[in-house]
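**Q** With the hints as constraints, model all of the structure from the sequences given.
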Amino acid sequence: MSDKSKSLAKAEDAEHDYSAGLAVIAPDAVKDPGMEPHRVRMTDKSEAHEKRAARQVAALFLFSIVSSAFALYAYFAFPIVEGSNASVRDNTLLLGLGAAFGMLAIGIGAVHWAKTLMPDAEVSEARHQTRGSEETRARAIEIIDLANKESGFSRRKLIRRSLYGALAFFPLPGILVFADLGPNPGDSLKHTMWKKGTRLTRDPDGKPIKASDVTIGSVFHVIPEGLAELEHHKLEEKAKAAVLLVRVDPSILKESEERKDWSYDGIVAYSKICTHVGCPVALYEQQTHHLLCPCHQSTFDLTDACKVIFGPASRPLPQLPIAVDAEGYLVAQDDFNEPVGPSFWERSVNE
Amino acid sequence: MTKQKLNNARRSPFAAILVILAGLLISGGGYAVASDAIDTTSVSATSQETVDAGKKLFLANCASCHGSNAEGGNMGPSLIGVGAASVDFQVGTGRMPAQASGPQVMKKPVQFTEEQTAQLAAYVASLSPGPSIPSEEWVGEAALASGDTSKGGELFRINCAMCHNAVGAGGALTDGKFAPRLEGVEAKHIYEAMVIGPQNMPVFNDSNLTPEDKRDIISYLKYVEANPSAGGEELGGLGPVAEGLFVWIFVLGGIVVITIWLGAKSN
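Quick mapping for you: the protein sequence lines, in order, are chains A and B. Here the first sequence is numbered in this note's numbering, starting from 1 and rising by one per residue. Here the second sequence is numbered in this note's numbering, starting from 1001 and rising by one per residue.
Simulated from the structure, these hints should not be mistaken for laboratory data. All residues carry an ideal CB built from backbone N, CA and C; glycine is no exception. Please note that the accuracy of each hint is not assured.
[Stated by the list, open to error] Listed next, the in silico PhoX-like pairs over lysine-lysine satisfying Cα-Cα at most 20 Å (straight line):
| no. | chain 1 | residue 1 | chain 2 | residue 2 |
| --- | --- | --- | --- | --- |
| 1 | A | K238 | B | K1151 |
| 2 | B | K1151 | A | K234 |
| 3 | A | K115 | A | K45 |
| 4 | B | K1177 | B | K1108 |
| 5 | A | K51 | B | K1265 |
| 6 | B | K1265 | A | K45 |
| 7 | A | K190 | A | K115 |
| 8 | A | K207 | A | K238 |
| 9 | A | K115 | B | K1265 |
| 10 | A | K196 | A | K260 |
[Claimed, not checked] A few chain A residues facing chain B, derived, Cβ under 10 Å:
| no. | residue |
| --- | --- |
| 11 | M42 |
| 12 | R89 |
| 13 | I106 |
| 14 | R202 |
| 15 | P204 |
| 16 | I209 |
| 17 | K210 |
| 18 | E258 |
| 19 | R259 |
| 20 | D261 |
| 21 | T288 |
[Stated by the list, open to error] Interface residues of chain B toward chain A, partial, derived using beta-carbon atoms under 7 Å:
| no. | residue |
| --- | --- |
| 22 | C1163 |
| 23 | G1197 |
| 24 | G1263 |
| 25 | S1266 |
| 26 | N1267 |
**A** Dropping the structure here:
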């Protein structure tokens, strides 16, 4: 370390007199180890190394020129062809790579230059005191007083008060737009499109499903009748009403007394919306009868009222009670008897 | 040659080699003749001959698990009523005969010729009616070329993508089971899989996905196969997991390396 930097590091003047404030100063505080000893670089010791470093920096800058030129070349050599996605990819990729390396090489060259060739003496500069001198502070008050006098801010009541008023009102439009976060969903989270007699139809074309269509081992992705024709809020309704329809051997279904008539000859319908965070649970394993959620691996046992057998979901999937109408089509007996999907704050209220 | 001499000759080390060579020649030559015989037998799809040939193959290769009348057993399910489509899928993709029991029977090199597969299929189909092998009308090249890929894509995303991934890259199920990658799978095997629901795959019968729907889905898969991603390397098409892993390891790793270099002193 040179003598000059040493003196700078140890410089102490009246300005750097800090108050400890409320801080507790440990008596055996770690001592300032000071600067580590300066290591002389190879580029300072040997001319050959210095020259080589200079050539490396120049080479990096030259590489930058080549890269930027390549970007220009690529723009014309790989034009975007109408209708070809691959041409868009090639064009943007090569143009971007050229421009990126053009910039990166300048940066690497500059850093390499600074690290190998520019002086590397370590210097420490103490921070300034934040409080201005008395003289500066007095001068600042003088300026504020002058501004007050010249603008008449204290004297002109009308202007001052109307300005306060304007300042109070201008944030209101910004606050008002938060109203768009609402309205509150009300009880819409607790009801779906399913009603007594709504036919179960195929996703996406809305073709009604006959009980005889659902052979053992089949899976149908189901939407309520009329959803496919909705013009407004179709996706919102689908996100609540989507149902998975599966037929299994009726003898393996473990049904509670109250749900005995919710299935039809081994055909069961369950909400497809995971009770964890609402992903569509649609991975059905035909042999194990497990329903698997692809997001967090919650696993439901379809034969046992879709109770959770693995994963973070905490409730079984809601079951849609189904029946068959006079024409043999599958219909809902009613809406789900609980809100579908993940938990929400008001879920248990008024249930 | 006296008896003593013959005994000595039998004990000579060359005798064993000669016997093995002779055995190999006879069995190998015999096999060649036999397989020539199979190759030259002309069979029509439904003839009794085909069924009989299939039954012989079945007894030799399948009956140990599926029972000598395909009635099923502890090791394998009954094949009565599974139809020709099931046999063509399982044998035609090499899954059957199964090599070992495990979470899932794996695809492997096909063990039978097309003709033998057809004979097995004919035998199993003769036991009881079941789904048949799809015709060229639905899985032929002309049919696939006329399929509606965008409708097929929609149906694939609704019915298949949750297990097989949106571009058919495959995905994991529970306990070591998985939905296989669909790239490079023959059109008729995809069709058959939808009809029969092999292993843990559910069944998609014709009233759920009509033959046209199935054709459209296969058209979509073949379209995806023929049109590589415009976004560059797909990293397996597995989505955010593979892409995130790549970014975390290589991009963030690169940033860490650059940061260390920036802070390091030059020597």
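**Q** List, from low to high, the hint numbers that the structure doesn't satisfy.
**A** 7, 13, 18, 19, 20, 24
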